[in-house]
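Asks: Below are the chains, spelled out letter by letter.
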Amino acid sequence: MNRAALRRVWGLIYRHLALYRRSWPRVLELMYWPVLQMLVWGFVTSYLAAAPSNAATIGAGALLGGVLLWEVALRSQMGFSLSFLEEIWSRNLGHVFVSPLRPRELVAALMGMSVIRVVVGVLPAVGLAWLLYAFGLFAMGPVVVAFFAALLMMGWAVALGVTALILRYGAGAEALAWSILFGLTPFSAVFYPVAILPGWLQPVALALPSAHVFEGMRAALQDGRIATGHLVAAFALDAAWLALMGWVFLRQFQSARVRGALLNIGE
Amino acid sequence: MDSPAILAEALSKRYAPDAPPAVEGLSFSMPRGATWGLLGGNGAGKTTTIAMLLGLLVPSGGRITVLGHDMARDRFAALARMNFSSPYIALPSRLSVAENLRVYAHLYDVPRAEARIAELAAQLQLTELLDRPAGELSAGQKTRVALAKALVNRPELLLLDEPTASLDPDTGDWVRSWLERYRAETGCSILLASHNMAEVERLCGHVLMLKGGRMVDSGSPAGLIGKYGRDDLEQVFLDIARGRQRAEAVP
Numbered sequence: 001m002n003r004a005a006l007r008r009v010w011g012l013i014y015r016h017l018a019l020y021r022r023s024w025p026r027v028l029e030l031m032y033w034p035v036l037q038m039l040v041w042g043f044v045t046s047y048l049a050a051a052p053s054n055a056a057t058i059g060a061g062a063l064l065g066g067v068l069l070w071e072v073a074l075r076s077q078m079g080f081s082l083s084f085l086e087e088i089w090s091r092n093l094g095h096v097f098v099s100p101l102r103p104r105e106l107v108a109a110l111m112g113m114s115v116i117r118v119v120v121g122v123l124p125a126v127g128l129a130w131l132l133y134a135f136g137l138f139a140m141g142p143v144v145v146a147f148f149a150a151l152l153m154m155g156w157a158v159a160l161g162v163t164a165l166i167l168r169y170g171a172g173a174e175a176l177a178w179s180i181l182f183g184l185t186p187f188s189a190v191f192y193p194v195a196i197l198p199g200w201l202q203p204v205a206l207a208l209p210s211a212h213v214f215e216g217m218r219a220a221l222q223d224g225r226i227a228t229g230h231l232v233a234a235f236a237l238d239a240a241w242l243a244l245m246g247w248v249f250l251r252q253f254q255s256a257r258v259r260g261a262l263l264n265i266g267e
Numbered sequence: 001m002d003s004p005a006i007l008a009e010a011l012s013k014r015y016a017p018d019a020p021p022a023v024e025g026l027s028f029s030m031p032r033g034a035t036w037g038l039l040g041g042n043g044a045g046k047t048t049t050i051a052m053l054l055g056l057l058v059p060s061g062g063r064i065t066v067l068g069h070d071m072a073r074d075r076f077a078a079l080a081r082m083n084f085s086s087p088y089i090a091l092p093s094r095l096s097v098a099e100n101l102r103v104y105a106h107l108y109d110v111p112r113a114e115a116r117i118a119e120l121a122a123q124l125q126l127t128e129l130l131d132r133p134a135g136e137l138s139a140g141q142k143t144r145v146a147l148a149k150a151l152v153n154r155p156e157l158l159l160l161d162e163p164t165a166s167l168d169p170d171t172g173d174w175v176r177s178w179l180e181r182y183r184a185e186t187g188c189s190i191l192l193a194s195h196n197m198a199e200v201e202r203l204c205g206h207v208l209m210l211k212g213g214r215m216v217d218s219g220s221p222a223g224l225i226g227k228y229g230r231d232d233l234e235q236v237f238l239d240i241a242r243g244r245q246r247a248e249a250v251p
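Protein chains in written order, with this note's numbering: chain F, 1 to 267; chain D, 1 to 251.
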């Protein structure tokens, strides 16, 4: 990306940051759900950890770790999709699409906003988990950063798919921006190992980067080791899903230009 | 010799294979530095034509060249040199005027953006409004902000969709005077779609009349008025919209 392209990406990120600067409820909303989730599951964790068993203590830690890391994927996907929807809601998309901003630069800007929203939304919850429940997510070591990155990328891949659906079906697909990743929770092995799932569902789970991240997280928490195989699988699947969903997005963008959907999207 | 500001060759658009054409066989060559009007009733194909010129819509057939750039292959190079304003496309209402202009200065990679914003604000009487949220402005103020956005990159081609719609006569006149002066000073080419025939007569040196997606006539406002034997462009517009030829025109 050359300097002009980076400036265009920054232009769109600046537009969203300016919006947040003028709207504290939006900033509060970013932190609200991650903190609320952490509080609820934190108490469950405290209850389980009080049980007289080492397994229960480890399981409780995995529970809270799962909650916090899954929020990374959720916030990443929502950060991307909702930033795109914000352009539709403000009826600004027409101006954006007739500027020299390329579709790939739009995607880069939405990814940038997604990172910012994850940091603002999830880090306070991570800090509170440490303060309230003495649960240090980063106690797993630097591998947590890799878990964060893998889930962030998975969020982008899902968001690209959601955005493609919004381009295809308009406002009718908006609800997917909030709900779609919740549908993947059962297959992501957030709170239990993939082995718990029925045999026929396990290949579905293993096709998701998140299942490998959470298997890796349990390995780090329970055995204190880095499950390199799962980590490599997570990033390889991320790359594959991003390439596929990026292609779908670009196809839908072009199709929207042919159908005239960019003229009245959101109406 | 400079390429035309806009060259449209046999342009057509169908939104579905079995749908009637929204635009069909539209060809014109608009020279640099000219102000042209795109006229027609609702559904005549104006919005579709403008959307194709902006690259928002892919034509079903034909070819568009803007400032020498083929829009099918090189639209981003053209988009960097042109801009667009429409009262029907909003700017983010919670952002201040300055923030909105800053966003577009970045998107168009405008050098010395803050100086350019200050310059436009002074020219369009926006200096006092720079820190106000765009959503809190009056219709006239919003129109001036939209113009500032459209001019932030010093466009060589400006597409305006009903630039004075919903403005009071005084503000509308101010905008028209400003556009006349701006074009004279910069040599910018302007294509405007409007339902205000007095505005078109005043600003445009040439008019394209669309009906049912086809160009049914074109010429200078004075030439068309003479050709149809009418007193003003509004009567010519009505003749064309109602399918009356010159000889049949009601006296």
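Careful: at least some of the hints might be erroneous.
Unchecked claim - Derived Cβ-Cβ restraints for the label pairs, each shown as a range:
#1 R242(D) with G172(F): 20 to 28 Å
#2 V40(F) with E119(D): 33 to 41 Å
#3 A4(F) with E119(D): 20 to 28 Å
#4 F182(F) with S29(D): 54 to 62 Å
#5 A207(F) with P31(D): 32 to 40 Å
#6 R202(D) with P25(F): 16 to 24 Å
#7 R102(F) with R63(D): 18 to 26 Å
#8 R22(F) with S138(D): 14 to 22 Å
#9 A184(D) with R102(F): 47 to 55 Å
#10 V27(F) with Q123(D): 47 to 55 Å
#11 G33(D) with A149(F): 31 to 39 Å
Claimed, not checked - If the Cβ cut is set under 8 Å, some of the chain F residues that face chain D in the computed set are:
#12 V98
#13 R104
#14 R257
Keep in mind that the hints were calculated from the coordinates and are not lab data.
We put the CB at the ideal spot given by N, CA and C, even for glycine.
Asks: For every hint, state whether the structure bears it out.
Replies: Each hint, compared with the structure:
no.: 1; hint: R242(D) with G172(F): 20 to 28 Å; in the structure: 39 Å, violated
no.: 2; hint: V40(F) with E119(D): 33 to 41 Å; in the structure: 54 Å, violated
no.: 3; hint: A4(F) with E119(D): 20 to 28 Å; in the structure: 21 Å, holds
no.: 4; hint: F182(F) with S29(D): 54 to 62 Å; in the structure: 55 Å, holds
no.: 5; hint: A207(F) with P31(D): 32 to 40 Å; in the structure: 58 Å, violated
no.: 6; hint: R202(D) with P25(F): 16 to 24 Å; in the structure: 47 Å, violated
no.: 7; hint: R102(F) with R63(D): 18 to 26 Å; in the structure: 22 Å, holds
no.: 8; hint: R22(F) with S138(D): 14 to 22 Å; in the structure: 20 Å, holds
no.: 9; hint: A184(D) with R102(F): 47 to 55 Å; in the structure: 34 Å, violated
no.: 10; hint: V27(F) with Q123(D): 47 to 55 Å; in the structure: 35 Å, violated
no.: 11; hint: G33(D) with A149(F): 31 to 39 Å; in the structure: 53 Å, violated
no.: 12; hint: V98; in the structure: 4 Å, holds
no.: 13; hint: R104; in the structure: 11 Å, violated
no.: 14; hint: R257; in the structure: 5 Å, holds
Of the hints listed earlier, those the structure fails to meet are numbers 1, 2, 5, 6, 9, 10, 11, 13, in rising order.
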